[in-house]
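Position 111 of the sequence shown, counted from 1, bears residue number 110 in numbering that gives the first Met the number 0, the numbering being contiguous throughout.
Mixed in with the good hints there might be a few duds.
Okay, derived cross-link-like pairs now, DSBU-like style, lysine-lysine, Cα gap no bigger than 30 angstroms in a straight line [what the hints assert, rightly or not]:
| hint | residue 1 | residue 2 |
| --- | --- | --- |
| 1 | K321 | K363 |
| 2 | K324 | K286 |
| 3 | K286 | K325 |
| 4 | K393 | K432 |
| 5 | K102 | K324 |
| 6 | K286 | K363 |
| 7 | K363 | K324 |
| 8 | K31 | K52 |
| 9 | K110 | K52 |
| 10 | K151 | K31 |
| 11 | K102 | K325 |
| 12 | K286 | K245 |
| 13 | K283 | K324 |
| 14 | K325 | K110 |
| 15 | K324 | K393 |
| 16 | K24 | K110 |
| 17 | K31 | K58 |
| 18 | K102 | K58 |
| 19 | K432 | K422 |
| 20 | K246 | K233 |
| 21 | K102 | K363 |
| 22 | K432 | K417 |
| 23 | K65 | K31 |
| 24 | K102 | K52 |
| 25 | K31 | K51 |
| 26 | K52 | K65 |
| 27 | K102 | K151 |
| 28 | K65 | K110 |
Derived from the structure by calculation, the hints contain no laboratory data.
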Amino acid sequence: MRREKFSPLVSVITLTFNGLEYTRKFFHYLLKNTQENFEVIVVDNGSTDGTKKYLHELKSRYSFIKVLGNSENLGFAKGNNQGMAVARGRYFMVINNDVLVPKGWMERMVKPFEIDDSIGLVGCLSNNASGFQTLRDVPYNDPDDFEEYAEKLADSWGNRYTPRRRIAGFAMMINRRLYEAIGGFDEDFGIGNFEEDDYCIRAFRAGFKIVVAEGVFMHHFGRATFRANNIGYKDTLRRNKSVFQKKWPDVDYGWLMELDRRLVDINRELLSHGVEAFQHSEFKGAKEYFEQVLETDPLNEEALFGLALCYRNLGDNLMTLKLLKKCLDVNPDNAYAYNQSGIISVEMGDLESAKVLFSTAVMKAPDLVDAQRNYADVLIELGEYEDGVRALVKILENHPDDVPTLLKMAQLYAEVGKYAEAKKFAERALNVKLEKEKVGEVVTESGK
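All chains should be built: construct the whole structure from the sequences, respecting the hints.
The following block contains the structure:
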């Protein structure tokens, strides 16, 4: 197991109360699939099935594992609070001992905090959670086969972070800044249930955001401690629901769970209004829509890019660059953000940086013709004529009717006195333009 010393320290906090077979599996996958800088704090709530012996064996083998012991079951809230009180990490991963983690989980869950410090909580997807974090009908039967599915989701959704009002507590990463602002879990909830709902409300009211890392899928057996110790789950749920309602009489639980309208749907509508306003050159109005999205979803790539373009059109290039950088922090493959950053670099006179940015945009999106043109232009500006012309020729190989490139080739040939060649490219550009105009006329006539 390789451990990355240069990543921020994460304190993994888990509780045990019997259920040794689950704890063994939990540690098998945690130690196998976690390469980042982390410590583990286990709080044992009075196990009697050999769990204590197993934990002390782990502790003697791994210096980064700590074990705290209670003589009785103090419950989810109190046990995790004990762990957080001694945790040294920048982030706390509160996770049940009946959860299996996949490769890359920690990096993807830490990433939102590192991009935006207003994010207080990060959750993940699972086969067994509550709310919109649950993926039904997973394509595996044996829990040990979950990794292939988790890897496919990571490949597809690795940069997707969805805003939520509430996340489930089975696997919840907490920003230390949030913990220092609001403290730990409310111990009035006893053995367990509803403490995560309470914590999410407190985080929200303290101004922190909550997201789900949809590129992280964890297998969760679910209610393992309740089953292993014959604890009445429904009775506990009923009791704690009453505690929750007394504490938060003004909170509509359906609103918290997003049963009426999900935040993603509200934000999708705001994005649509923002794009429409932008297309009508109403940049201040569009800016307000994009900012509304970012109030609940600070990692929304479309809103970040849209807001960047608004600032660009309002003349604030520094703010534009800041937002484009955040776009790339969220999604390092965003070719449009590289291209826009390159355009601003050209305007600021930094052609070498622009060259790198345009080149990266082309690499990320080979069909983004605008970036290819910009790359060719900056090469020519830097005096790298052969490479610049080669880049233009490559555009025409794939897009023979690209008028701006045809005109650029005509201009370059004219500048060196090769007027016959210049004329050929200019005529091609004119013919393409005339052809498009004819098509437009036909479409207009047929629509009458």
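Exercise. Check each numbered hint against the structure and report the violated ones by number, ascending.
Key: 9 and 12
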